[in-house]
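J.: Residue numbers (numbering that gives the first Met the number 0), protein chains in the order written: chain U, 0 to 464; chain A, 0 to 403.
Rather than coming from a laboratory, the hints here were simulated on the basis of the structure. Treat each hint with caution, since some may be false.
As the list claims (entries may be wrong) - Some chain U residues near chain A, calculated using beta-carbon distances under 7 Å:
1) 187
2) 257
3) 437
4) 441
5) 442
6) 444
7) 446
8) 454
9) 455
10) 456
For glycine and all other residues, C-beta sits at the position ideal for the given N, C-alpha and C.
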Amino acid sequence: MNPDASSPFADGAPSNSPTEAQTQGPAAGFLVIGVGHSGGAIAERIAASGMSGAEVVAVDTDLTSLRLLGGVKSVAFGAKSARGGGCGNDLAMGATAAYEDEGVWKQRFAGVRLVCVITGVGGGVGGGAGPVIARLAREAGALVLGIAVLPFDYEGSLRRSNAATGLDALRSGADAVICVPNQGVAAMLDDKTPLIEMFTAANDLVAQSVVSIWRLLHRPALNPVSFADLERLLRGRHAASVFAAVEVRGATRAREALERLQKHPFLQAGHMLVEADAALVAVAGGNDLRFDEVQGIQNQFQRLCEHAQLMTGAAVDPELEGRLVVTVIATRGGTVSLPATAPTAAASASTGASATAAAAATVSAEPVSDRLAFEEGGEPESIATGTGTRIGPMFVPPAPNFNEGQKRELAQRQIKNSMRRKKAIQTLFKFDVVSVSRFAQTEPVKRNGENLDEPTYARRGIALN
Amino acid sequence: MFDPGQVIVGLEIGTHKICVAVGEAGPKGELTILGIGQCTSRGVRKGEITDTQKAAEDIRTALAEAEQQANVEIQEVYLGITGNHITCEDSKGVHPIASYDRTITAEDMADAVGNAKQFNCAAGNEVIDSVRQDYCVDDMTGVENPIGLVGSVLTASVHVIRGRTARIETARRVVQSMQVSVAKPVFNGLASALAVLTPEQKRQGVLLIDLGAGATEYAFFYGGMLRHSGVLPVGGDHVSNDLACGLRISIDQAEQLKREIGSAVYDAAAVRGQYYEVPGETGLEPRQISLENFQRIMSMRLEETLELISRDLARAETFGLAQAGVVLCGGGARTRDIEKLVYRIFSMDVVKAHTHAVSGPADVLANPEFATAIGLVRYGAMRLQTRARSRFGIRATLQSLFGR
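Excised from the complex, chain U in its bound form (with noise of 0.2 Å):
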């Protein structure tokens, strides 16, 4: 345990009380953690939208951009090698920096159930320590959800290929990653909006996904989904699993949130939700949730994702009164066939009242179910779901045995690693600026933003030895 001033979970804004987070337990058993800059951003606006029960803290090595987030608690880790910066597009700098606060971040997991790592893998901070945060939970024994927030293509090609590297090593550190394309929300707004504008959109999707998922598995269901579904939905997909949630107002709002999930940039305008072999829809809403509207929306589903296992889930929260949330999760290429289970149709949801009735017997016996309850002492692999019991992860790489000196050797590797990648990166560029001299007079031939007259293997980031 290291007292240091600037280690996790101690003071690193002015605006934080330094012992809560170190002394309270967490009390749901989930923790989101949003890792550098863009990860502490959309924990800022996951705090904002009250995610009552679990707890979202935004950590960075850099101090600015942590004092410039309001209202989510935020921590600052890595003094010694970051010292109070960023890590500068540096993956082997962020890793650094994580492991440095070893021991702390380890204490902090113990006994959490689930945490969301939200990072955005082409930075130095989110792509080196948070699949490094992510690793650490796992080892304390929690189920480790990444959600990985690729760059936008403007953002150029070092963090295009940090993306890449920061991903594949998040994928090995968490349970399951989501990928979230940020050039996918780009699509989706007007090329004229105001930067800021697209930015806080970004954010504001994956924030309204991220708190979507929690409400999903903590909010007393008549379909429950339990994490069990999730994990077993996302496990060994990583890289084709999507996810999309929207929340719809109005008389019509059914039908306007299957034509806002059709157009979601996530879902890549439906091709995901055709392509997808194992799907989950959850629909939530108010004590005004009409069984048609979970009926319509559901076989909507059923028949957009033909070929896929479809699980459903349904839940009434008062909270959401005149609203309904629709979260999505599809996946694809997995090969991992989901067993037959998913929930089926609650007959008593063909009235209003008797639903509602359910809903509230089921809230004023337990706030949380007791099918999410951590128990206490045991291994996270033996809680028992309703479905069954956790299956193990495809990849598990043994728990790292090292001592201090073992795992600073181990940041020095991936830091060579790092710089041969990044040399071969700049050769590549060279070849970008002399690649397209034969078609140079001629119209460029742009598929899907691409631009075909440029080498393949260049666009593709493949380094010829």
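Add chain A to chain U, keeping to what the hints say.
T.: Frame of chain U, contents of chain A only:
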């Protein structure tokens, strides 16, 4: 008797070569290729003319060669068109049946098709070709011949191929500058399909891919009808350019190596650590290039091109039903192991094209490069046939009205 009207000429202004095919249509519609003229093309990039003077010179050479070989004087050509400006899409035309008894007539059909052609046509674009798919009478879909059916709305589904008027005009003017008129511009992909696909294949469902130097055209047929087509302005030139950039050799060397040792599939085990010696240019030392990189660059480009096509074809609803597989033509069809790559991407049987139902020199017909030019001749022959038939039809109608 020699009838000059029956000599049909197809001219393809390609990126790598300009090709002229001279054919003769017999009285029963049979087609004989009399001669082929070709010339290396210099003024064309990605299927479109970029240098009119050079293009004109090359076209003249090719036309002269063809005239000499076929011993005819070329007056009119069917001109093949391709390029980035071409858009191919399905269009629907609606026509209300206004007649008293609501019986659909040939005129209603023509009107519906006309509406489909004009629908959504952007300014500065023109329709190059339109292919009827099927009709829909009220809510009855998939009608092939609606004449005589009773209904209130006739919807024609037409596959329309449009192009930028200005660019078609450029090609037309270059040809006209040598006192040869253009009978009609034709989309290259359609022409190739006419040359190499059999009616049986078109019924079963077949995809034609014309792997040209500057552009790759594709056409998908099912149930005897053209269901989808398109052009991707990426071709063999791009492969050479990629190789030249990646291996730092000249474009000409890349082109030559591509033909000699190129392969569409990257076989990592076979080429790992192997090198190929490239003779040095202008007195430089010979260089060693890595075969691994060579194959990787080449296969990656071809794979990407085919994947883009496959993604586009996913829009055609009936694509999954195709049984006759993929037919490859164009110079790219000569690439080693291209069948393996195509099979991997489309999961369908792959064959290299052979021009069918045309007589002529065997070496010409077996050449996948000549498919487009021969297809243009066939297009012309079919057009003349339909014209003759419709003229006959009008005469018959007039006779039936007034001749009695």
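J.: None of the hints should be skipped; say for each whether it holds.
T.: Results for each hint:
For residue 187 of chain U, the interface hint is violated, since its Cβ never comes within 7 Å of a Cβ in chain A; the closest pair sits about 21 Å apart. A least Cβ separation of about 21 Å between residue 257 of chain U and chain A goes past the 7 Å threshold, and the interface hint is therefore violated. The restraint placing residue 437 of chain U at the interface with chain A holds, with a minimum CB-CB distance near 5 Å, inside the 7 Å limit. A cut of 7 Å between beta carbons decides the hint on residue 441 of chain U: the least distance to chain A is about 5 Å, and the hint holds.
Of the supplied interface hints, the one on residue 442 of chain U holds, with its beta-carbon coming within about 6 Å of a beta-carbon of chain A, less than 7 Å. Checking residue 444 of chain U against chain A: minimum C-beta separation of about 5 Å stays under 7 Å; hint holds. Interface hint at residue 446 of chain U: satisfied, since its Cβ lies 6 Å from the closest Cβ of chain A, which is below the 7 Å cut-off. Checking residue 454 of chain U against chain A by beta carbon gives a least distance of about 4 Å; that is within 7 Å, so the hint holds.
Interface hint status for residue 455 of chain U: upheld, as the beta-carbon distance to the closest one in chain A is roughly 4 Å, under 7 Å. The restraint placing residue 456 of chain U at the interface with chain A holds, with a minimum CB-CB distance near 5 Å, inside the 7 Å limit.
Of the hints listed earlier, those the structure fails to meet are numbers 1, 2, in rising order.
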